[in-house]
Amino acid sequence: MSAAAQTAADPGPDNAPVIEVRGLVTHYGPRKILDGIDLEVQPGEILVIMGGSGSGKSTLLNHLLGLLVPTSGAIRVLGEDLNAIDGVARTLLRQRLGVAFQGGALFSSLSVLENIMLPLIEHTRLDRKTMEIMARLKLEVVNLAGFEHLMPAELSGGMIKRAALARAIVMDPRILFCDEPSAGLDPVVATAIDQLILDLRAAMGMSVVVVTHELESAFKIADRICVLDRGKVLAVDTVAAIRASDHPRIRNLLNRQGEDPDLDVDAYLERLTGIDL
Amino acid sequence: MELSVNDHGNFAVVHLKGDVDLQTSPQVRKGLLGLLEDGRRPVVDLSAVTYIDSSGIASLVEAYQTARKKGLSFSLVQVSPAAMRVLQLARLDKVFTFHDTVEAATVGA
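Here the protein sequences come in this chain order: B and P. Here the first sequence stands for residues 1 to 277, where the numbers follow the UniProt record's numbering. Here the second sequence stands for residues 1 to 109, where the numbers follow the UniProt record's numbering.
To be clear, the hints were calculated from the coordinates, so they are not data collected in a lab. Glycine included, C-beta positions come from ideal geometry on N, C-alpha and C. Check each hint, because a few of them may be wrong.
[As the list claims (entries may be wrong)] Some chain B residues near chain P, calculated using beta-carbon distances under 7 Å:
1) P248
2) I250
3) N252
[As the list claims (entries may be wrong)] In silico BS3-like links for lysine-lysine, alpha-carbon gap of 27 Å or less:
4) P:K70 to B:K129
5) P:K70 to B:K232
6) P:K17 to P:K30
[What the hints assert, rightly or not] Residues on chain B that point at chain P, a partial pick, calculated with CB under 8 Å:
7) P30
8) K32
9) D35
10) D81
11) L118
12) I121
13) E122
14) V141
15) N143
16) Q195
17) L198
18) A203
19) L234
20) D264
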């Protein structure tokens, strides 16, 4: 077989970014959540989005998945403009994305195997036997072999994360999105999940976007880290550069120090009283 | 994707060319299971495969197990390093029989 033969989809002749975000602004009601986000994800890269609670990282993830409509700005995923795409093209794009949601989002009435087969049933016309083997292969990959007949309620937290990962990769996605993949897990299981993400990227060549507030996990798996703070990108850089940053808010995040926002007295009192000056 | 079969003594050498993916893997599955139904011994030449996804690998797995059940040999030739990494992820590198060349796979034909 030629050296060019691949098991992961070709990133494209121009090696263009798989995700491009330009000037993304979004609001929840009057409150600005994301404020001018610019970001790129390269083919085969693991980008970790970090930030404290309320920094906007989950909102950003939902935008990358096309689940939210921005106030302004543009997002291109695998070359498709999310503001312009609809119908069949949007469905085709979603087939090339895998998502492992924070809580697993497994269907409680379906077995583990049925959950993992679901994208194949929905999006392909493969023989059922082929779908079953594909799902079982992914269970092997995430080390859940033998648990395929269990129901989600019978799984531990770590097993749910693994099952969610298996479902996310069953279609061999070009981009894998993971929302807090190791949150709430004991250190041993969390480390195993991190290693799994690295192994998947190495074997399948996919790009990976991980949202997490787990510093150890981010440092272990990231090629680059995007630090979000109050809806803005503070920095996008390598692990070494982020760790060496002397930016006070990044230092706070790395040192796990609580927020100490400057108090805007006018805004604070207006918020409390509803009375504008 | 193109699929062609050449007789090589007792073996059926299956040449695959192009992408083996969600659209084309059913053709691979059907072809391999058909050969096994006829009692042939597939040697799957992957040297001209440019991409193989999980559905393609699943088709190979099903055909291999069917061959074992029938007592027939089944081997893969020239698996790319990229495809091998995916096989290793699911420990299939310890399952399939691999050969570097069709000639090596069809010794004794």
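Check: Was the hint right that B:K32 lines chain P, CB cutoff 8 Å?
Finding: B:K32 check fails; min Cβ-Cβ to chain P is 41 Å, beyond 8 Å.
Check: Taking the closest Cβ pair, is B:N252 under 7 Å from chain P?
Finding: This interface hint is violated because 38 Å lies over the 7 Å limit.
Next item on the list: Would you check whether B:P248 satisfies its interface hint, that is, whether its CB is within less than 7 Å of any CB in chain P?
Entry: Given a least distance of 42 Å, the restraint on B:P248 is violated.
Margin query: For the restraint on B:A203, tell me whether the closest CB of chain P is nearer than 8 Å.
Written below: holds (4 Å)
Check: With a cut-off of 8 Å, does the beta carbon of B:L234 approach a beta carbon of chain P closely enough for the hint to hold?
Finding: Where the cut-off is 8 Å and the nearest Cβ of chain P is about 35 Å from B:L234, the hint is violated.
Notebook entry, point to check: Should the hint that B:L198 touches chain P count as held when the rule is a Cβ pair under 8 Å?
Noted result: violated (11 Å)
Check: With 8 Å as the cut and Cβ atoms as the points, is B:Q195 at the interface with chain P?
Finding: violated (12 Å)
Check: Are the Cα atoms of P:K70 and B:K129 separated by 27 Å or less?
Finding: Given pair P:K70, B:K129 holds - Cα atoms ~18 Å apart, limit 27 Å.
Margin query: The hint names B:V141 as touching chain P; please verify it with the least Cβ-Cβ distance against 8 Å.
Written below: OK, holds: B:V141 within 8 Å of chain P, min 5 Å.
Next item on the list: Verify the interface restraint on B:D264: the C-beta must sit less than 8 Å from at least one C-beta of chain P.
Entry: At about 52 Å, which exceeds the 8 Å cut-off, the nearest Cβ of chain P leaves the hint on B:D264 violated.
Notebook entry, point to check: Given the proposed pairing of P:K70 with B:K232, does the C-alpha separation stay at or below 27 Å?
Noted result: violated (62 Å)
Next item on the list: Have a go at the B:D81 hint: is there a Cβ in chain P nearer than 8 Å to its own Cβ?
Entry: violated (25 Å)
In summary, the numbered hints that this structure violates are 1, 2, 3, 5, 7, 8, 9, 10, 11, 12, 13, 15, 16, 17, 19, 20.
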